[in-house]
Each structure stands twice: as C-alpha cells, then as structure tokens.
Amino acid sequence: MTLELQGVAKAVGARVHIHPTNLVLRKGSLNVLLGPTLSGKTTLMRLMAGLDQPTAGRVLWEGRDVTGVRVQDRGVAMVYQQFINYPSMTVFDNIASPLRLQGLPRADIESRVRRAADLMRLTPYLSRKPLELSGGQQQRTALARALVKEAGLVLLDEPLANLDYKLREELRAEIPRLFEESGAVFVYATTEPEEALLLGGHTATLWEGRVTQFGPTAEVYRAPVDAVTARVFSNPPMNILDLRKDGDRLLFGAGEAAVPARLGTLPDGPYRAGFRAHHLGLDRPAGEALAFQATVLGAEITGSETFLHLDHTGARWVGLLPGVRPLAPGTPVAVWLDAAHLHLFDAGGRRIGPSPEPMAA
Amino acid sequence: MARITLRNLAHSYLAQPRGEEEFALKELDHDWADGEAYALLGASGCGKTTLLNIISGLIRPSQGRILFDGHDVTDAPTAARNIAQVFQFPVVYDTLTVRDNLAFPLRNRGLPPAQVAARVQAVARMLGLEESLPRRARGLTADAKQKISLGRGMVRQDVNAILFDEPLTVIDPQMKWELRTQLKALHREFGHTMIYVTHDQTEALTFASRVVVMHEGRVVQIGTPQDLFERPAHTFVGYFIGSPGMNVLPARVEGDRAHLPGGAIPLGRGYAPLSGRTEIGIRPEFARLSATEGLPVAIRRVEDVGRHRIVRADLGGRPLDIVLPEGGPLGPDMTRVTFDPAHVGVFADGWRVEGEAAR
Amino acid sequence: MKPIDNRAWLLVLPVLVLVAFSAVVPLMTVVNYSVQDSFGSNEFFWNGIGWFDDLLHSERMWDALGRQILFSAIVLLIEVPLGILIALHMPRKGFWSSLCLVLMALPLLIPFNVVGTIWQIFGRVDIGLLGRAVAALGIDYNYTRDAIDAWVTIVVMDVWHWTSLIALLAYAGLRSIPQAYYQAAEIDQASRWAVFRFIELPKMRGVLVIAILLRFMDSFMIYTEPFVVTGGGPGNATTFLSIDLVKMALGQFDLGPAAAFSIMYFLVILLVSWAFYTVMTNLDREEGPR
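Residue numbers (the UniProt record's numbering), protein chains in the order written: chain A, 1 to 361; chain B, 1 to 359; chain C, 1 to 290.
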C-alpha cells in the first residue's frame with residue numbers, strides 16, 4: 001500500500017500552511033514527520049487523512065485519486081496527543097468500537113480485540129474504564145483502537161508527548177514492532193529528533209510548512225541536505241560556525257585551520273559550517289581536526305556525560321563530552337572537532353560537498 | 001534565601017489513612033541546603049508534586065513539620081512563605097505588558113518605582129526579554145510566556161526558594177536548551193534555593209546539583225547525577241536514570257563472582273552471602289560486545305540513535321541492552337557480551353549491597 | 001478540478017427554507033408596508049419614505065427611544081456588576097454549588113408574562129407583599145401613580161429576572177480559569193482586586209461580551225413584563241419602544257408608520273450590537289499576536 005501526495009498545498013486566505021509537497025509513503029515502514037511546533041505536521045496529517053481538503057494538488061491511495069473522498073470512506077485511524085477514549089465504555093468496548101461500527105460478527109470482534117489488547121499489554125484492564133487507568137494505559141487503549149481497525153493509513157500525532165519520559169521510552173521501543181506486524185502505512189509526528197531516530201523508518205523534516213527532506217531516518221540525520229534540516233534534526237541544536245575558505249586555510253572567528261582534504265576542491269569564499277554537540281571534544285582526535293578557543297558558559301552533568309555550554313567569539317555552542325567534566329563557568333578551553341564531522345552549507349543554506357558523517361555499518 | 005527542613009513529614013489524601021500504602025508521601029526527613037539547585041525526579045503519581053505543594057503551602061501535611069531557616073511554617077499560607085513558583089503551563093497576566101508582568105510581584109510589595117524598574121530591567125536582560133518589555137503578554141509564544149513566569153519568580157531578590165513544577169513541558173526541544181541554560185545562569189547569578197520537579201531525567205540531571213529520586217511516595221536516593229548513574233541505591237534508580245536504563249539480571253552471587261544463566265562473571269568487589277532476591281545491575285554503557293569472550297547473547301535489534309547505537313539483545317531469556325559508540329564495530333560474529341567488573345552493582349531485594357574491596 | 005462533494009448543501013437546505021419563512025419573508029412584508037399607506041379594506045398607496053420622515057420628526061418616538069436607552073443602560077449597569085459579584089461568591093463545587101445553580105436558574109425558567117403578573121401583584125399597595133411592606137415603612141409608594149415608582153419597580157423586576165443569566169455565564173467563565181493562576185497570584189501577593197482585574201476579568205471577557213450583548217438586545221426589546229405591570233404608564237412614563245409600537249400597530253392600526261417604526265427599531269438594535277461586537281473583537285485583535 002502507498003499513500004502519495006502530489007503537489008499538495010494548503011493555504012487559508014493569504015497564509016500558506018503547507019507549501020506544495022510531494023511525498024510517497026509506503027507500508028511496512030514507519031514514516032516520521034519531524035518538526036517543531038507549528039511547522040505544519042498536524043496540517044499535513046489532516047490533509048493525508050482527508051479531514052481537510054488541499055487547496056492544490058492530489059492525494060493518491062494505491063494510485064487512486066482520493067483527494068475529495070471523505071475521511072469516513074477512506075479507512076483512516078488517528079491517535080492524538082491527548083488520550084481520547086470513550087469515558088463511559090470499558091477498555092474492551094473502546095477497542096471494539098470501530099469494529100462494531102463496521103458491523104463485524106461478535107466472534108471476530110472478540111478475537112481481534114483480544115489480539116490488539118495482548119499486543120498493547122492491556123489484557124488485565126479490559127473490563128476497566130479509561131479514567132481508572134494510568135496515562136500510558138489510556139494512550140495504549142487509543143493505540144489499540146487505531147490498530148484493531150486495520151485501517152490502511154494510521155496517523156499518530158505526537159502520541160507520546162503527554163507521557164512520562166520512561167514510559168515514552170518503553171512505548172517508543174514497542175511501536176516499531178507493532179508496525180512491522182501490520183500491513184498499514186504509518187505516519188508519526190514528533191518534535192523530538194531522538195524520537196525519530198529511535199523509531200527508525202523514514203523521516204520527513206518539516207520547517208515552516210515545507211518538507212525539507214525525506215528519506216531513511218539515519219540518512220536524513222547524517223546527511224541533511226540543508227542547514228534547516230540539520231537544525232530541525234539536531235538536539236542539542238547544531239552548533240554553527242561562519243567561516244571563509246582562503247586557499248588552503250579555513251578562517252573563522254578567532255582562529256584558522258588547514259582545509260580538510262575532503263573539502264580541498266571547494267572554491268574560496270564564505271561558508272556556514274555546522275556540527276553536532278557530540279563531535280566536539282577536549283582531546284585532539286586522530287585524523288584531521290579543527291581547534292577552537294572557547295569559554296565555558298556552564299557544564300551540565302548527566303551522570304555519564306557532560307553537556308558543555310561554550311562561547312566561541314559570541315556564538316553559543318553545546319558540546320557533549322563523555323564522562324564527568326565539571327568545568328567552571330569562565331574557564332577558557334581548547335575544543336577539537338574532527339573535520340570528518342563538519343557539515344558545510346552555502347549562503348542559501350544548501351549542503352556543499354559529500355555527506356560528512358559516515359553511515360552506520 | 002533559606003534552608004528548608006522537612007521533619008517526619010508525611011502526607012495522605014485520606015483523612016484516616018490505614019497503613020503506609022495509603023500515604024501519597026511516606027515519612028521523610030530532609031534538609032534542603034540554602035542556595036542549592038535540587039531536582040525532584042520520578043514518574044507520575046510518585047508523590048513529587050505532593051511534596052512540592054507541601055513546601056509551597058498549598059497542601060498541609062498530615063504529619064510532620066516544615067521549617068524555613070528553622071522557623072516552623074507548617075501552618076503558614078503560601079503568601080506568607082515568600083516563595084516563587086513556576087508552573088507547568090505558563091501563567092501570565094494576559095492584559096498586562098511584559099514589563100508590568102515582571103514588575104507585578106514587586107509593586108504588590110510596595111517597592112519604590114526606581115527599584116522596580118532596575119530589577120525588571122536586570123531580569124529581562126538575563127532572560128533575553130528586553131525587546132518584548134513594552135508588548136502585551138497575550139500574543140507571545142509559549143516559551144516567551146514561560147520566560148515571563150520564570151522572570152516573575154526571579155525578580156524578587158528575597159524569596160526563600162523558587163519552585164518549578166515541570167516548567168518545560170510545553171516547550172519545544174530546541175528551546176528547552178536555551179531556557180535551561182538561562183535557568184542555570186540565573187541560579188549562578190542570584191543563588192536562590194531551587195527545587196525543580198520533573199519526570200524527565202535529562203532535565204533533572206542537567207539542572208540540579210543534587211537529584212532526589214522518588215518512587216511510590218518514597219525517596220529512594222538523593223545524590224549527584226554521577227552518584228545516581230554510577231552507584232544507584234535501588235534497581236528503580238538504575239532503571240529510571242539512564243536511557244536506556246540499567247540492565248537488571250537475576251543472579252547468584254558468590255564472593256566476587258556472579259552466576260548468570262550463561263555462565264559466571266567477575267565482580268569488582270567481594271560479597272558476603274546474601275539473603276533475599278539477588279540481582280546484578282549493569283548499565284548498557286558498561287557492556288561490550290565481543291566475538292571471543294564473555295556470555296553468549298542473541299541480538300534481536302539494533303537501533304541507530306545518531307550519536308550511538310542501542311543493541312537490543314537476549315541473555316538467557318532476559319532482555320539486555322548494550323550501547324555501542326557511533327562508528328563502533330558490530331560484526332555478525334559478535335555474539336558475546338562482557339561487563340566492566342567495576343560497574344557491576346549487586347542488589348538484594350532491590351537495594352544496593354556494598355561489597356568489600358576484592359581480595 | 002477537485003471533486004468536492006456538493007451534496008452537503010442539501011443538508012443545509014431545510015435550514016435555509018426555515019430561515020426564509022421565519023425571518024426573511026416577514027421582514028419583506030414589513031418593508032412592503034413601510035413604504036405604503038392604507039385606509040383599510042386592502043387599499044394601498046405608495047408613500048415612499050414618508051413614514052420614515054414622519055417618524056424621525058415624531059416627538060413621541062424620540063421620547064420612547066430615550067426611555068428605552070435609559071432603561072437598557074440602567075439595567076446593564078446594575079445587572080452586569082451584580083452578576084459578576086454573585087458569580088465571584090458562588091461556591092466552586094459540591095452540593096452548595098449545585099443548589100446555587102438551580103436557584104439561580106429558576107427566574108430564567110418563568111414565562112415573561114408570569115414574571116410581569118407576579119410583580120404586578122407583588123408591588124400592589126393594597127394586596128401585594130412588597131407594596132404593603134414599603135408602605136408600612138412610611139414610604140409613599142405606588143407604581144400606578146408615580147413615574148419614579150413605576151421605573152423602580154420595572155428595573156427591580158428586570159434585575160430579579162435576568163441577573164442570573166449574567167451570573168451563570170460569568171460563573172462558567174470563572175470556572176475555566178486554571179487553579180495555577182490563583183496560586184501564582186497568591187505567590188505574587190496580588191490583592192483581591194488585582195486578581196479580579198488581571199486574571200478573572202480578562203478570562204471572563206469572552207462570556208461577558210456575549211452576556212452584555214444578550215442583555216442589551218433583550219432589554220432593548222422588553223415588552224411583556226412592563227406591559228403587564230404598568231401598561232406603559234403612568235402616562236407615558238414606561239412606554240418603551242415596543243409598547244409604543246404595539247399601541248401604534250394594533251391600537252391605532254397605523255400599519256404603515258408601525259412598519260417603518262419596526263424597521264428603524266430593528267436597525268437600531270442591529271447597529272448597536274454590531275458596533276459593540278466589532279469594538280470588542282477589534283480590541284481582542286490589537287492585543288493578540290501581530
């Protein structure tokens with residue numbers, strides 16, 4: 001099964017909510033929509049579901065144009081950030097409700113509900129009412145209802161956002177497994193880069209109503225096509241360094257470095273470089289490296305690692321160092337960056353040169 | 001600023017609690033040092049919000065006393081405790097400008113206008129709100145509004161403590177970094193006693209110098225982020241701190257060796273014979289895959305999370321997580337796992353057992 | 001280009017037909033009458049804007065309009081603050097809250113002419129409890145004789161009848177304020193007045209706009225209750241626009257002027273409501289984003 005968006009756009013009056021978008025989403029893999037609040041994730045999902053009509057473009061389901069078809073006739077299931085269940089029904093009846101609407105035989109309903117409840121580990125709670133359950137169980141009930149419907153398209157709009165951190169971690173590990181077993185096209189919206197990475201599958205990054213990149217999640221993360229994508233797909237935020245290539249030297253803020261061999265063929269001129277927090281280090285790495293003088297703004301220790309907030313000639317950077325490094329604010333430090341991890345962007349924000357970060361084995 | 005003392009404190013939402021399990025907050029004795037940044041970390045329903053509300057005076061505890069700098073304030077109302085609080089959702093006075101919002105608590109206390117203006121200016125500068133000072137609060141974004149709530153807490157110099165109730169819940173991940181950094185800078189600058197309630201371990205560990213981990217109404221451990229990570233006092237702390245959490249495996253401990261289904265592993269310390277349920281705990285960061293040595297594991301799945309990979313494996317029928325550094329090797333022949341002996345903890349009935357230095 | 005389902009319009013059709021018959025057709029009839037003159041027996045003559053012209057120069061109409069505006073202003077000035085005050089003091093939850101809500105709703109459930117009858121009897125100096133009581137206090141009170149007494153009686157009756165509506169709406173607005181706001185205010189050591197001014201009033205504004213609009217329209221069109229109590233008297237003291245209109249249309253059977261009157265009446269209400277609503281929502285937009 002495939003869901004295809006062809007030049008789909010949405011505008012309300014003069015305000016563009018979604019710029020023309022082309023996307024092909026296939027079944028069997030999880031499709032993540034990653035972007036900050038108000039970047040258009042929910043709008044795009046509503047267009048996919050048929051809850052809203054696009055102002056331009058077509059929505060194809062298995063090659064068939066379904067643009068004007070009502071959501072009720074499309075076979076769509078949706079789960080929201082808020083835990084939405086029928087409060088007066090038991091968990092069993094909640095999960096069974098879409099099947100009863102379809103008019104399935106009682107025995108079929110029974111077995112499908114049992115199977116979904118089993119997958120979601122809800123079997124002990126089937127006779128309870130949703131409000132007697134914890135937040136995680138309530139959301140699992142909503143997820144089970146979406147699954148049991150066996151809809152062709154399942155849309156999950158930040159389904160874990162209102163759950164506790166640890167519970168979120170557990171469900172994140174479970175969700176991809178559920179999707180592998182189902183034959184539907186899954187779309188999952190989130191604001192968190194870690195969540196996209198943990199879910200795997202494919203990711204479309206969104207920024208101000210535009211899909212900036214779509215591809216396998218690890219590929220989008222490691223080879224963002226532009227500065228905006230890199231920024232959306234980076235937490236802590238990607239560190240930014242404005243530099244100039246002059247012959248075989250790279251000049252920046254308070255220093256300079258030899259041009260890494262990988263970038264030797266670039267024309268001279270100004271560039272914007274980006275690199276991730278965990279690629280900064282206090283020790284010189286083995287290969288080609290850039291050194292920076294910076295001042296410590298603060299150190300946050302997570303137990304096994306240290307987030308180092310740095311000031312490099314006015315730019316604010318975050319470094320993620322292994323181990324506990326309780327550096328006092330105001331301390332001057334030399335930080336190193338492995339040149340292999342430097343992303344380069346031109347003035348328009350497009351990536352220049354090959355993808356800097358190696359693919360996972 | 002003040003030192004906050006909790007003495008035999010406990011709370012039940014029932015008028016006549018029968019037994020300990022009916023207490024939302026089990027008996028607790030604790031001193032919150034003046035000027036320190038604390039985090040209260042736990043899952044929903046663990047009692048952390050109850051404890052915060054007792055400190056702020058919204059709830060009167062069923063038993064015990066609460067003291068600010070030695071003065072009993074158990075029966076004092078919120079207004080008399082001179083504290084500041086930042087809530088989960090931004091609380092701003094919509095119709096007032098940002099400036100008037102920040103000045104509000106000072107004006108209510110009758111401070112001279114010149115002093116008010118100076119304080120407001122200083123706090124706005126720290127929070128990067130200077131440009132929005134003349135704007136009405138209503139139209140601002142969630143993070144700007146939360147900065148205002150934060151600023152209203154900071155603007156008073158004499159507060160005994162600033163309490164935070166999951167203040168970054170509605171903030172986008174990228175903005176969280178900025179706000180947290182500012183919060184830490186404000187703490188350094190003004191030195192208030194701060195108590196920060198959250199279920200998010202990253203927020204708790206990065207914000208606080210001491211983290212109080214709560215579970216089912218009980219404080220299970222108070223320690224620095226490093227303590228909690230390296231020497232969790234309870235398997236719950238091991239599970240709750242760290243992402244993924246600590247691997248907990250049932251084992252038979254004999255001296256300085258632990259027997260697992262796949263074989264025996266060395267421990268960094270020696271242990272006297274243990275009673276009760278014995279388990280070992282090992283963080284995924286201290287487990288290594290190997291082709292030649294260690295216990296046999298079956299690898300179920302590998303998750304690439306960018307800066308490292310999480311290997312989901314199976315050790316004698318129990319799930320085991322292993323963290324593999326970015327770019328680290330992972331071959332098909334790597335079907336064994338070794339643990340760093342110095343970081344293997346031993347737990348009896350859930351609680352950590354301190355061993356003796358190895359002979 | 002895109003296949004939009006047009007069948008949805010069919011669902012709206014019954015409503016459109018209903019509105020056409022209930023509002024548009026009668027209105028058009030009135031417009032028709034307003035530009036013609038009749039001498040009974042279904043003979044009509046074109047009169048153009050004559051009736052409107054007469055109306056604008058009619059002292060009787062201006063007097064009624066003045067009384068009407070004064071009445072609306074008085075009841076709004078009393079009912080809105082009083083309603084808010086009651087809402088602020090209503091219990092928040094539990095049995096007493098439910099009881100309050102039921103008691104408050106009672107006056108709203110009584111038919112208008114019954115309200116009028118109740119007060120007509122209640123205020124009578126010979127048999128009414130209120131009238132007798134006031135008279136016993138040595139106050140010379142008689143709403144059938146004294147214009148001021150008549151006004152006081154009608155205003156008090158309207159306040160009794162309608163303050164509940166404002167109170168209930170304000171109460172609903174207050175209930176939607178999260179507890180955190182009150183906690184924050186307490187921590188900020190805000191005074192009771194500041195809590196009202198900066199938290200409660202802004203959060204209630206939406207419902208208050210609706211409440212004021214409803215009360216304005218209703219009070220501006222008031223007919224049944226004063227008609228039952230005073231019949232527009234003594235003299236013309238409580239002859240409001242609607243009473244005057246009925247006198248003109250039914251009493252004197254001046255269909256043309258009455259129709260012109262109706263249209264002017266309708267336009268005044270429309271204009272004032274529209275102006276009020278626009279001003280309030282614009283205020284909202286100025287304060288809102290961008």
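Treat the hints with caution; some may be incorrect.
Here are the simulated DSBU-like cross-link-like pairs (lysine-lysine), alpha carbons at most 35 Å apart as the crow flies [claimed, not checked]:
1) A:Lys27 to B:Lys176
2) C:Lys247 to A:Lys129
3) B:Lys176 to C:Lys203
It should be emphasised that the hints constitute simulated quantities derived from the structure, not laboratory data. If you're wondering where the values come from, they're calculated on a predicted model, not measured in any experiment.
Okay, the hints, checked on the actual structure:
{"no.": "1", "hint": "A:Lys27 to B:Lys176", "result": "holds, 34 Å"}
{"no.": "2", "hint": "C:Lys247 to A:Lys129", "result": "violated, 62 Å"}
{"no.": "3", "hint": "B:Lys176 to C:Lys203", "result": "holds, 28 Å"}
Hint 2 alone, counting from the list given before, is not met by this structure.
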